[in-house]
Structure formats: C-alpha cells, structure tokens
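**Student:** Residues per chain are reported as follows:
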Amino acid sequence: SQTIHQWPATLVQPVGSPLSLECTVEGTSNPNLYWYRQAAGRGLQLLFYSVGIGQISSEVPQNLSASRPQDRQFILSSKKLLLSDSGFYLCAWGLRGSRTGKAFFGQGTRLTVV
Amino acid sequence: EDKVVQSPLSLVVHEGDTVTLNCSYEVTNFRSLLWYKQEKKAPTFLFMLTSSGIEKKSGRLSSILDKKELFSILNITATQTGDSAIYLCAVFLNDYKLSFGAGTTVTVRA
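Quick mapping for you: the protein sequence lines, in order, are chains U and X. If you're matching positions, the first sequence starts at 1 in my numbering and goes up one per residue. If you're matching positions, the second sequence starts at 115 in my numbering and goes up one per residue.
Everything labelled a hint here was simulated from the structure, so no lab data went into it. Among these hints, one or two may not hold up.
[Unchecked claim] Beta-carbon label-pair distances, calculated as ranges:
| id | chain 1 | residue 1 | chain 2 | residue 2 | range |
| --- | --- | --- | --- | --- | --- |
| 1 | X | Thr-221 | U | Leu-82 | 25 to 33 Å |
| 2 | X | His-128 | U | Ser-65 | 40 to 48 Å |
| 3 | U | Gln-73 | X | Pro-122 | 20 to 28 Å |
| 4 | U | Pro-14 | X | Val-119 | 32 to 40 Å |
| 5 | X | Lys-117 | U | Ala-40 | 20 to 28 Å |
| 6 | X | Ala-192 | U | Val-15 | 22 to 30 Å |
| 7 | X | Leu-207 | U | Ser-17 | 41 to 49 Å |
| 8 | U | Leu-83 | X | His-128 | 32 to 40 Å |
| 9 | U | Gln-2 | X | Gly-130 | 31 to 39 Å |
| 10 | U | Thr-100 | X | Glu-115 | 17 to 25 Å |
| 11 | X | Ile-168 | U | Gln-73 | 23 to 31 Å |
| 12 | U | Arg-99 | X | Glu-183 | 36 to 44 Å |
[Said to hold, decoys possible] List time: in silico EDC-like cross-link candidates among lysine to aspartate or glutamate, alpha-carbon distance up to 16 Å:
| id | chain 1 | residue 1 | chain 2 | residue 2 |
| --- | --- | --- | --- | --- |
| 13 | X | Lys-181 | X | Glu-169 |
| 14 | U | Lys-102 | X | Glu-140 |
| 15 | X | Lys-151 | X | Glu-140 |
| 16 | X | Lys-117 | U | Glu-59 |
| 17 | X | Lys-117 | X | Glu-169 |
Since the model is a prediction, treat every value here as computed from it, not as a measurement. All C-beta atoms, glycine included, are put in the ideal place defined by N, C-alpha and C.
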C-alpha cells in the first residue's frame with residue numbers, strides 16, 4: 001500500500017533562517033506531488049506541483065522554492081524565512097496519469113516563524 | 115486564472131440539522147471535482163465527481179455536480195458533532211494541477 005511521510009510535524013524558526021521540509025512517498029512510482037500552505041482555519045493554497053523529477057510548477061511567487069531530486073521525494077525550501085511564511089504546510093501525492101486527481105495527504109508541518 | 119469558490123465560509127448548526135455546502139468553479143480544462151474533510155491535520159477524501167447529475171452518497175453525506183452551471187453541492191443530513199470540520203472543494207485540471215477553494219468551516223453544536 002502507498003504511504004506518504006512528511007516531516008517535521010512542527011517547526012519554530014527565526015526570521016531570516018533557512019527552511020527545508022521533506023516529503024517522501026512509498027509504494028508507488030512516478031506520482032504527481034504537491035505542496036500546499038494553509039492559513040489558520042482556511043483552505044489550501046497550492047504552492048508547487050511536480051509531474052516528474054526536476055519538473056516543478058510554481059503557482060505563487062514567493063519566498064519559497066521546491067525541488068524533486070528523486071521520483072518520490074519532494075522538498076520545500078527557503079533561503080531566508082519571513083514572518084509571513086508561518087502556516088501549515090501539507091504535502092500530497094496523486095497517481096501519475098490519473099483522470100480523477102484524487103490526492104493523498106501527509107500529516108502536515110506546522111511552521112511558526114518568530 | 116482558475117477559480118474555485120466555496121460558500122458559505124463558515125456556519126454553525128445544531129445536531130440533527132441538514133447542511134448544504136456550495137462549490138462553484140471557473141477553470142479551463144476541467145477533469146474532475148473532489149470533496150475533502152479536514153478535522154485536524156491531513157484532509158481525507160470524501161467524493162470525486164466527473165459527470166453531471168449523478169449523485170454520490172456515503173452514509174449521511176451526498177454530493178452532486180452540475181457541469182453546465184459549474185458548481186457542486188455537498189449535503190450532510192442529520193448532522194452530528196463529529197461532522198464538525200473544514201470541508202474542502204478541489205478541481206483537478208488537465209495539467210495535473212489540483213486547486214482548492216477556501217473551504218467551509220462547519221461547526222455542529224450538541
């Protein structure tokens with residue numbers, strides 16, 4: 001069966017520090033991968049999505065970047081965090097070539113920038 | 115620009131009430147519409163809709179899609195406190211983008 005791992009679960013970082021959040025998927029190949037951010041009590045804002053290694057589509061110009069160094073690994077990074085980067089970050093995967101788009105989510109990382 | 119709009123943004127009901135949540139969309143290259151429920155952390159999948167007029171049901175929850183008028187509704191009957199959550203609507207597009215609306219926060223009071 002497929003599983004998705006996302007870590008860390010919580011993170012408190014000072015302004016100006018770097019960020020690296022990692023997400024890995026097991027039990028499937030060539031997945032579509034997604035990074036979302038969620039403000040408190042709100043919906044999901046799509047940040048990046050990837051349909052293959054090295055293929056990253058950015059949805060929102062911002063202080064963040066994403067990389068996909070391996071087929072089932074998706075990394076969200078920042079060189080210098082801003083206060084506005086605080087939020088709940090969710091990684092998700094979907095089947096490559098899916099006609100339905102059904103996505104499966106990790107447990108999320110709650111990032112607080114202080 | 116693709117848009118997914120949910121309404122209302124939040125609502126409070128009492129146990130036993132019926133809730134209707136709305137999701138409208140303006141997108142290019144529509145493939146499907148999905149509903150998720152989010153209680154604490156990870157959203158969990160509820161329904162996937164691709165065809166107009168076909169109702170999907172799961173217990174007290176049901177959903178239907180209207181591709182002509184570009185909207186979907188999610189109904190919850192005989193609500194329980196366990197139905198309290200954020201309900202998220204998403205649209206899946208041909209370029210494999212999965213875009214979500216802002217969500218509807220449902221609070222069910224005992």
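**Student:** Give a verdict on every hint.
**Tutor:** Against the structure, the hints come out as follows:
1. Thr-221/X x Leu-82/U: 25 to 33 Å: Hint holds: Cβ distance 32 Å, inside 25 to 33 Å.
2. His-128/X x Ser-65/U: 40 to 48 Å: holds (46 Å)
3. Gln-73/U x Pro-122/X: 20 to 28 Å: Once the Cβ atoms are compared, 39 Å apart, the range 20 to 28 Å for Pro-122/X and Gln-73/U is violated.
4. Pro-14/U x Val-119/X: 32 to 40 Å: holds (37 Å)
5. Lys-117/X x Ala-40/U: 20 to 28 Å: holds (22 Å)
6. Ala-192/X x Val-15/U: 22 to 30 Å: Roughly 48 Å apart at Cβ, these two residues miss the hinted range, so it is violated.
7. Leu-207/X x Ser-17/U: 41 to 49 Å: violated (35 Å)
8. Leu-83/U x His-128/X: 32 to 40 Å: holds (39 Å)
9. Gln-2/U x Gly-130/X: 31 to 39 Å: holds (37 Å)
10. Thr-100/U x Glu-115/X: 17 to 25 Å: Given range 17 to 25 Å: holds, Cβ gap about 23 Å.
11. Ile-168/X x Gln-73/U: 23 to 31 Å: Violated, at about 38 Å.
12. Arg-99/U x Glu-183/X: 36 to 44 Å: Given range 36 to 44 Å: violated, Cβ gap about 22 Å.
13. Lys-181/X x Glu-169/X: At roughly 13 Å apart (the allowed maximum being 16 Å), Glu-169/X and Lys-181/X satisfy the hint.
14. Lys-102/U x Glu-140/X: Judged against 16 Å, a Cα distance of about 19 Å means the pair is violated.
15. Lys-151/X x Glu-140/X: It is violated: about 22 Å lies between the C-alpha atoms, which goes past 16 Å.
16. Lys-117/X x Glu-59/U: The hint holds at about 13 Å.
17. Lys-117/X x Glu-169/X: Outside the cut-off at roughly 23 Å; violated.
When held up to the earlier numbered hints, the structure conflicts with 3, 6, 7, 11, 12, 14, 15, 17 and fits the remainder.
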